[in-house]
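These protein sequence lines are chains A and B, in that order.
Take the first sequence: its letter number 115 is residue 115 in the working numbering, and every next letter is one higher.
Take the second sequence: its letter number 101 is residue 101 in the working numbering, and every next letter is one higher.
One thing to keep in mind: the hints can contain errors.
No copy labels: a pair is met if it fits in one copy or bridges any two.
[What the hints assert, rightly or not] List of simulated lysine-lysine pairs, DSSO-like, C-alpha gap at most 30 Å:
id	residue 1	residue 2
1	LYS14	LYS44
2	LYS3	LYS149
3	LYS143	LYS122
4	LYS149	LYS10
5	LYS58	LYS148
6	LYS145	LYS93
7	LYS61	LYS145
8	LYS148	LYS102
9	LYS10	LYS32
10	LYS149	LYS93
11	LYS148	LYS45
12	LYS32	LYS148
13	LYS3	LYS14
14	LYS3	LYS32
15	LYS18	LYS61
16	LYS32	LYS149
17	LYS44	LYS61
18	LYS122	LYS32
19	LYS45	LYS61
20	LYS149	LYS61
21	LYS61	LYS148
22	LYS45	LYS14
23	LYS62	LYS102
24	LYS32	LYS145
25	LYS3	LYS148
26	LYS149	LYS122
None of these hints come from the bench; they were simulated from the model.
The structure presented is a predicted model; accordingly, all values stated were derived computationally and were not measured.
2 protein chains.
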Amino acid sequence: MEKFMFAALKEAQKALAKDEVPIGAVIVIDGKIIARAHNQRQSKKIATHHAEILAIEKACKKLHDWRLENAEIFVTLEPCPMCAGAIANARIKKLYFGAFDKTGTNKNLLVDILSDNRLNHKTEVQGGILEAPCAEILTTFFKNKRNKK
Amino acid sequence: MEKFMFAALKEAQKALAKDEVPIGAVIVIDGKIIARAHNQRQSKKIATHHAEILAIEKACKKLHDWRLENAEIFVTLEPCPMCAGAIANARIKKLYFGAFDKTGTNKNLLVDILSDNRLNHKTEVQGGILEAPCAEILTTFFKNKRNKK
C-alpha cells in the first residue's frame with residue numbers, strides 16, 4: 001500500500017517541478033501500476049486536469065474500457081468532488097489517499113459523496129496513507145508561494 | 001435561454017447518432033456559444049468523457065484559462081457529481097439544465113454538491129429548461145435499448 005503511495009508522491013514531485021500544486025495519483029490493478037499522472041491544471045490551463053482525472057483517462061485508454069472495476073486509486077491528497085465523482089463513475093473499487101484536505105475546498109465533501117446512497121457505485125475509502133510526506137510537499141509549496149509574494 | 005438549450009439538444013442528437021446516451025452541453029459567454037460537446041463515454045471508452053467535461057475542456061483550451069468565471073453552461077440532463085464538481089472547479093457562474101435525473105444515478109446529489117458551503121465557488125442552478133424534449137430523447141433511447149434486448 002505504501003509502495004503505491006510512494007509512486008503517487010513521485011508524481012506529485014513531477015507537478016512540483018512544473019510549479020503546479022503538487023498532487024499525484026496512480027491506478028493499480030492486481031498489484032501492478034497501470035497509470036500514473038500528476039496535476040497539470042495550471043500548465044495546461046484546463047480546469048479538469050487534476051491528477052485523478054488524468055490517471056483515470058490513461059487507465060481507460062490502456063484497458064479500452066470506461067469501467068475500472070478491479071482498480072484501486074492512490075492519490076496524495078483527498079480528492080475534490082469532481083474527482084470523487086469520476087472515481088465513482090469509473091467504478092473504481094477502492095480509493096486510498098494521503099493527506100486530508102483540512103483547509104482546502106473539499107473538507108470531507110468527498111467522503112459524503114462517495115458514501116451517498118444515491119450513487120449506484122460504492123467505492124471504499126481509506127485516508128492517511130503516508131500522510132506526513134503527502135501533506136508536507138503541499139504545505140512547503142504553499143509556504144514558498146506566500147514567501148515569494 | 002431556450003436557444004442555448006436547443007443547441008445543447010442538437011449536441012445530444014449527435015450522441016444519439018453514435019448510439020451514446022444522448023446528452024449534450026454548450027458553454028456560453030456574453031451571449032455567444034464558445035464550446036459544444038456531447039457524451040462520448042461509450043464510443044471513446046473513457047469514464048470521464050461526459051458532455052459537460054468535454055465542453056469545459058474545449059472552453060478552457062479556447063480561452064487559455066482554467067477559470068470560466070463569466071460562463072454559463074447549458075446541459076440537457078441534470079449533471080452527475082463529477083460534472084457538478086467540474087463546473088464548480090471551472091468557476092462557472094450559472095448552470096442551466098433540461099431534464100431532471102429522477103431515475104438515474106444523481107437524484108439531486110448535484111444540487112447538494114453545488115450548494116454545499118464547503119465549496120469555495122458558488123454556481124447558481126436552474127433546472128427544467130426545455131425539460132420535455134430533453135427528457136424525451138433520453139426515455140426514447142432507453143426504451144429502444146430495452147426493446148432490442
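Checked hints:
1. Proximity of LYS14 to LYS44 under the C-alpha cut-off of 30 Å is found in both arrangements, the shortest distances being 14 Å within a copy and 28 Å between copies.
2. Proximity of LYS3 and LYS149 under a CA criterion of 30 Å is satisfied in neither setting, with 36 Å inside one chain copy and 45 Å between copies.
3. Taking CA atoms no more than 30 Å apart as the test, LYS143 paired with LYS122 passes between copies only; the shortest distance there is 27 Å, against 36 Å inside one copy.
4. For a Cα distance limit of 30 Å, the shortest separation of LYS149 from LYS10 inside one copy, 27 Å, qualifies, whereas the shortest one across copies, 47 Å, does not.
5. Taking identical chains as interchangeable, the C-alpha atoms of LYS58 and LYS148 are never at most 30 Å apart, the minima being 35 Å within one chain and 32 Å between chains.
6. Within a single copy, LYS145 and LYS93 get their C-alpha atoms only as close as 36 Å, which misses the 30 Å cut-off; across copies the closest is 28 Å, which meets it.
7. Taking the shortest Cα distances, LYS61 and LYS145 sit within 30 Å of each other only across copies (26 Å), while inside one copy they are farther apart (35 Å).
8. Only within a single protomer do LYS148 and LYS102 lie at most 30 Å apart by alpha-carbon distance; the minimum there is 24 Å, versus 50 Å between protomers.
9. Taking identical chains as interchangeable, the C-alpha atoms of LYS10 and LYS32 lie at most 30 Å apart only when both belong to the same chain, with a minimum of 16 Å there against 42 Å between chains.
10. Taking CA atoms no more than 30 Å apart as the test, LYS149 paired with LYS93 passes between copies only; the shortest distance there is 29 Å, against 42 Å inside one copy.
11. For the identical chains of this complex, LYS148 and LYS45 are intra-copy neighbours only, at 22 Å inside a copy versus 43 Å across copies, given an alpha-carbon limit of 30 Å.
12. Taking the shortest Cα distances, LYS32 and LYS148 never come within 30 Å of each other, neither inside one copy (40 Å) nor across copies (39 Å).
13. Only within a single protomer do LYS3 and LYS14 lie at most 30 Å apart by alpha-carbon distance; the minimum there is 17 Å, versus 44 Å between protomers.
14. With identical chains, the CA atoms of LYS3 and LYS32 are at most 30 Å apart within one copy only, with a shortest distance of 11 Å there and 49 Å across copies.
15. Within a single copy, LYS18 and LYS61 get their C-alpha atoms as close as 25 Å, and across copies as close as 19 Å, so both meet the 30 Å cut-off.
16. In this homomeric assembly, LYS32 and LYS149 never come within 30 Å of each other (Cα to Cα): the closest approach is 42 Å inside a single copy and 37 Å across copies.
17. For a Cα distance limit of 30 Å, the shortest separation of LYS44 from LYS61 qualifies both inside one copy, at 20 Å, and across copies, at 8 Å.
18. In the homo-oligomer, the alpha carbons of LYS122 and LYS32 lie at most 30 Å apart inside one protomer (22 Å), although the nearest pairing across protomers, at 39 Å, exceeds that limit.
19. For the identical chains of this complex, LYS45 and LYS61 are neighbours both inside a copy (22 Å) and across copies (7 Å), given an alpha-carbon limit of 30 Å.
20. In this assembly of identical chains, LYS149 and LYS61 lie within 30 Å of each other by CA distance solely across copies; the values are 28 Å between and 41 Å within a copy.
21. Proximity of LYS61 and LYS148 under a CA criterion of 30 Å is satisfied inter-copy only: 28 Å between copies versus 39 Å inside one chain copy.
22. For the identical chains of this complex, LYS45 and LYS14 are neighbours both inside a copy (17 Å) and across copies (27 Å), given an alpha-carbon limit of 30 Å.
23. When the C-alpha separation of LYS62 and LYS102 is checked against a cutoff of 30 Å, the pair qualifies neither within a copy, at 34 Å, nor between copies, at 33 Å.
24. In the homo-oligomer, the alpha carbons of LYS32 and LYS145 never lie at most 30 Å apart, since the shortest distance is 35 Å inside one protomer and 36 Å across protomers.
25. Taking the closest pair of Cα atoms, LYS3 and LYS148 never come within 30 Å of each other, the shortest separation being 34 Å inside a single copy and 47 Å across copies.
26. For the homomeric pair LYS149 and LYS122, the shortest alpha-carbon distance between copies (27 Å) is at most 30 Å, but the shortest distance inside one copy (43 Å) is not.
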